[in-house]
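Q: Listed below are the residues making up each chain.
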Amino acid sequence: MVITVTTTPTKSRGESKEVADFELARALEVASAVPDPELPCVTVADLGILRSVSRDKTGRIVVRLTPTYSGCPAVIAIEMAVETALLSAGIDSTIERVITPAWTTDWITDEGREKLRAYGIAPPVGVSGGRRAFFAEDAVACPRCGSARTTKVSEFGSTACKAHYRCDACAEPFDYFKCI
Amino acid sequence: MAAAVASAEDAVLRAILEIADDGLILGHRLSEWCGHAPMLEEELALANMGLDLLGQARALYAHAGALEGKGRTEDDFAFLRRERDYVNCLLVERDNRDFAHTMLRQLYFAAFMQPFWHATVQTSSDETLRGIAAKADKEMSYHLRHSGEWVIRMGDGTEESAARMADAVNELHRYTGELFMVSPARQQAIAAGLLPDPESLRDEWDETIATVFRAAKLELPEIRTMQKGGRDGIHGEDMGHLLAELQFMQRAYPGQTW
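Chains as they are written, first to last, in the UniProt record's numbering: chain D, 1 to 180; chain F, 1 to 258.
Just chain D, same shape as in the assembly:
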């Protein structure tokens, strides 16, 4: 694993003023559209884990991605998916893994949150914070019926980023994208 640190995450969109960089714009478009392998309803751009698409000094396309959790097992699959999508579009790229600034659920776009809800996953409630009290529970609205009467079944769900909830109004179980 190669860990790279960048302190200035920028969404590069063809910085050259003289000539529009169509390949770079295309690379950004293609990379942005890659779905998350475990949450196919959202793209890497929706999740905020696509940090930048730019060119290095040699002109090569560089895509920077960041993991959600330290041990997220999907990291390599996501990196390969982006690289493969770009190759299919005829673009050679280098994928870099960046860890700072750390990803939080605050990076999920509004569009991403709405897609999660429509898919049946309650989006994170509130903004990323620190330690919370024992037995404290987020008030999570049911993504299906909207009821606030929900119960946490387990802090840990089918993936590291989700908790498991049950709606007490419509009785549906659902995943909650934990706020971190």
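Calculated directly from the structure, the hints in this document are not laboratory data.
We treat Cβ as the ideally placed atom computed from N, Cα and C, and that holds for glycine.
Just so you know, nobody snuck in bad clues.
Per the computed footprint, the stretches of chain D lying under chain F, defined by three or more beta-carbons under 8 Å from a beta-carbon of chain F, are:
(1) 64-77
(2) 154-165
Residues on chain D that point at chain F, a partial pick, calculated with CB under 8 Å:
(3) Arg132
(4) Phe134
(5) Phe135
(6) Ile180
Here are some chain F residues pointing at chain D (derived, C-beta under 7 Å):
(7) Ala45
(8) Lys135
(9) Ser141
(10) His146
Mind docking chain F on chain D? Use the hints.
A: Positioned in the frame of chain D, the structure of chain F alone reads:
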């Protein structure tokens, strides 16, 4: 490796390996619960927490290898050292025993590491360490909450669960002193501003444990002599068995990759 630290670079490498080994060994211990947890939700929780710790360890090993500059990879550190070269604290290698032991061990560790990573984000002069810490801080706050809630439920639970939790306290509390002990290598890393001084985290740890124990109706034991040795590579009997399983594939099929 357990011998005197030769240079400032060696000290930094060694200090990073201490926390990386803590994560690897505890992560492996949690993975041993796969297929054995008391219920499905805890099966997922234990595996998830183990993954967090392995992920943190991998990032730290990769950073250690890059700092050392001799081409050692995360696999070299994780799988191909001898027992005496692992410098994890003794607490993390203790056998899982039962769910009470496992959750109490997790509480002791997370109650220390969450403030540790939090302080690293705030103060470390090493940008990569700050990046690793920023993720680990959030992850450990989850571990702390999850394990603390279980210690409270079991301590203040049935006669059986309370007895098991009290037994776990009697067995494991003596290993918590090593969390705060500073090896010569760690001292250099602290002096260089890379890692926080554990002593500055003691009040918070004491308070967290006291809060949980009050709610769990558990007594804080009086420990005269805290166990130590892990940071010098002196491990307990449990460690050899753990490494036999952890290292088997790389020893049997050297250089294999997935």
